[in-house]
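Visitor: Sequence:
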Amino acid sequence: MEILRLASQAPITGHALARALGLTEATVHHHTSLLRAAGLITSHRDTHRVYLTAVPGALDRLFDELRRAGL
2 MEILRLASQA PITGHALARA LGLTEATVHH HTSLLRAAGL ITSHRDTHRV
52 YLTAVPGALD RLFDELRRAG L
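Letter by letter, the sequence shown follows residues 2 to 72 in this note's numbering.
Take the hints with a grain of salt, since some may be wrong.
Pairwise CB distance ranges, derived in the manner of DEER restraints [unchecked claim]:
no., residue 1, residue 2, range
1, L72, H45, 29 to 35 Å
2, Q10, G40, 17 to 23 Å
3, A27, T48, 31 to 37 Å
4, L67, R20, 23 to 29 Å
Hints in this document: simulated from the structure, not taken from any laboratory.
If you're wondering where the values come from, they're calculated on a predicted model, not measured in any experiment.
From the three backbone atoms N, C-alpha and C, an ideal C-beta is built for every residue, glycine too.
Put together the whole structure using the sequences plus the hints.
Guide: Shown next, in the form of C-alpha coordinates:
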(Lines of atoms letter the chains of each structure in order from A; the text may use other names.)
(Lines give C-alpha, C1' and ligand atoms only; values in the text may rest on other atoms or scores of the structure.)
Protein backbone atom coordinates (compact mmCIF):
# COMPACT_ATOMS: atom_id res chain seq x y z
CA MET A 2 0.00 0.00 0.00
CA GLU A 3 2.84 2.41 0.79
CA ILE A 4 4.43 1.75 -2.60
CA LEU A 5 1.13 2.60 -4.31
CA ARG A 6 0.68 5.69 -2.15
CA LEU A 7 4.16 7.00 -2.96
CA ALA A 8 3.89 6.11 -6.64
CA SER A 9 0.55 7.92 -6.84
CA GLN A 10 2.09 11.19 -5.65
CA ALA A 11 4.70 11.43 -8.42
CA PRO A 12 6.85 9.12 -10.55
CA ILE A 13 9.45 7.54 -8.26
CA THR A 14 12.43 5.23 -8.74
CA GLY A 15 12.83 1.88 -7.04
CA HIS A 16 15.91 3.24 -5.31
CA ALA A 17 13.93 6.18 -3.87
CA LEU A 18 11.15 3.82 -2.78
CA ALA A 19 13.65 1.57 -1.02
CA ARG A 20 15.12 4.55 0.85
CA ALA A 21 11.71 5.96 1.78
CA LEU A 22 10.44 2.60 3.05
CA GLY A 23 13.63 1.32 4.66
CA LEU A 24 13.69 -1.76 2.40
CA THR A 25 16.26 -3.27 0.08
CA GLU A 26 16.00 -2.53 -3.62
CA ALA A 27 15.51 -6.27 -4.22
CA THR A 28 12.47 -6.29 -1.94
CA VAL A 29 11.02 -3.22 -3.63
CA HIS A 30 11.64 -4.77 -7.06
CA HIS A 31 9.81 -7.93 -6.02
CA HIS A 32 6.78 -6.00 -4.79
CA THR A 33 6.69 -3.59 -7.73
CA SER A 34 6.85 -6.54 -10.13
CA LEU A 35 3.72 -7.95 -8.48
CA LEU A 36 1.99 -4.57 -8.58
CA ARG A 37 2.91 -4.14 -12.25
CA ALA A 38 1.57 -7.63 -13.08
CA ALA A 39 -1.68 -6.72 -11.27
CA GLY A 40 -2.00 -3.56 -13.38
CA LEU A 41 -1.68 -1.23 -10.40
CA ILE A 42 1.55 0.51 -11.43
CA THR A 43 3.34 1.28 -14.67
CA SER A 44 7.01 1.95 -15.32
CA HIS A 45 8.96 3.96 -17.83
CA ARG A 46 12.68 4.28 -18.44
CA ASP A 47 14.36 7.66 -18.63
CA THR A 48 17.97 7.17 -19.73
CA HIS A 49 19.41 5.28 -16.74
CA ARG A 50 16.46 5.23 -14.35
CA VAL A 51 13.13 3.44 -14.24
CA TYR A 52 10.27 5.48 -12.84
CA LEU A 53 7.20 3.88 -11.29
CA THR A 54 3.78 5.49 -11.33
CA ALA A 55 0.50 4.28 -9.85
CA VAL A 56 -2.22 3.75 -12.43
CA PRO A 57 -4.90 6.40 -11.87
CA GLY A 58 -7.62 4.97 -9.66
CA ALA A 59 -5.46 1.99 -8.66
CA LEU A 60 -5.87 2.53 -4.92
CA ASP A 61 -9.64 2.92 -5.26
CA ARG A 62 -9.87 -0.33 -7.26
CA LEU A 63 -7.68 -2.13 -4.73
CA PHE A 64 -9.87 -0.97 -1.82
CA ASP A 65 -13.00 -1.99 -3.71
CA GLU A 66 -11.59 -5.48 -4.27
CA LEU A 67 -10.60 -5.78 -0.61
CA ARG A 68 -14.10 -4.75 0.48
CA ARG A 69 -15.68 -7.30 -1.87
CA ALA A 70 -13.40 -9.96 -0.41
CA GLY A 71 -14.51 -8.96 3.09
CA LEU A 72 -11.07 -7.76 4.16
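Visitor: Is the hinted range of 17 to 23 Å satisfied by the C-beta distance from Q10 to G40?
Guide: Holds: the Cβ-Cβ distance is about 19 Å, inside 17 to 23 Å.
Visitor: For the range 29 to 35 Å, tell me whether the beta carbons of L72 and H45 fit it or not.
Guide: Since the Cβ atoms of L72 and H45 sit about 31 Å apart, the hinted range of 29 to 35 Å holds.
Visitor: For the hint 23 to 29 Å, verify it against the beta carbon of L67 and that of R20.
Guide: For R20 against L67, whose Cβ atoms are near 28 Å apart, the range 23 to 29 Å holds.
Visitor: Range first: 31 to 37 Å. Now tell me if the beta carbons of A27 and T48 are that far apart.
Guide: violated (22 Å)
Of the numbered hints stated above, the single one contradicted by the structure is hint 3.
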